[in-house]
Amino acid sequence: MQCPSCSSFAAESEAEAPTFCASCGFPLRRVGGRFRLERLLDEGGFGIVYLATDMEATTNPLRAIKFLKPEIFSQHGVFERFQREVQLTSELSRMTPHVVFTYDSAGYDENLGHYYVMEFLQGVSLRYLLETSPPNLRTIRTIISQLGEVLQIIHSRDIAHRDLKPENIFLVRHENN
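Numbers in my numbering are just positions in the sequence shown, counted from 1, shifted up by 70.
Any given hint might turn out to be false.
[Stated by the list, open to error] The calculated label-pair distances, taken between Cβ atoms and stated as ranges, are: (1) L221 <-> L111: 22 to 30 Å; (2) R211 <-> H231: 34 to 42 Å; (3) E84 <-> N238: 15 to 23 Å; (4) L132 <-> M165: 47 to 55 Å; (5) R211 <-> P140: 36 to 44 Å.
[To be verified] Capping the alpha-carbon separation at 16 Å, the derived lysine to aspartate or glutamate pairs in EDC-like fashion look like this: (6) K139 <-> E126; (7) K139 <-> D112; (8) K139 <-> E180; (9) K139 <-> E113; (10) K139 <-> E201; (11) K235 <-> E201; (12) K139 <-> E155.
Read the hints as simulated data drawn from the structure, not as lab findings. Cβ atoms here follow ideal geometry from the backbone N, Cα and C, with glycine treated the same way.
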């Protein structure tokens, strides 16, 4: 078995693999018994997101798994906010196609911490779009309209999005757009 991150030899088989790659530190064990981590997607102040393969999925097995950094749980109320984030994201993702779909696969991994599983989106952040190719008026209207729809739903439930910024708005092109 090779490490998916650095390609160094890790073990004869997945069952014999160490928890982390000795060369680069990438997690090698399955998460929740079913998710094989493929590569790091992003890291922020509170969490780390990996691309993963759902070994039990029959179609479209790619997922994004967000782990909260264990050190932030020392702050009062963080675990409760994390649970609420998972629940609300899951509920909202079933109300509108403009919120990332969240699966009912949240859990805790003893080596990586608390996590939840989302659909893997292929696209770019609004920050990236604005920095690389300023959008035309039609695209701006579409983004604002969809963002407005999501904010209306969120605010109607007395929720304030506390981290709304261009790098947290992800743009995905659908067949009908």
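To see whether the hints hold, each was checked on the structure:
no. : hint                      : result
1   : L221 <-> L111: 22 to 30 Å : 25 Å, holds
2   : R211 <-> H231: 34 to 42 Å : 21 Å, violated
3   : E84 <-> N238: 15 to 23 Å  : 33 Å, violated
4   : L132 <-> M165: 47 to 55 Å : 23 Å, violated
5   : R211 <-> P140: 36 to 44 Å : 42 Å, holds
6   : K139 <-> E126             : 26 Å, violated
7   : K139 <-> D112             : 13 Å, holds
8   : K139 <-> E180             : 12 Å, holds
9   : K139 <-> E113             : 10 Å, holds
10  : K139 <-> E201             : 29 Å, violated
11  : K235 <-> E201             : 14 Å, holds
12  : K139 <-> E155             : 15 Å, holds
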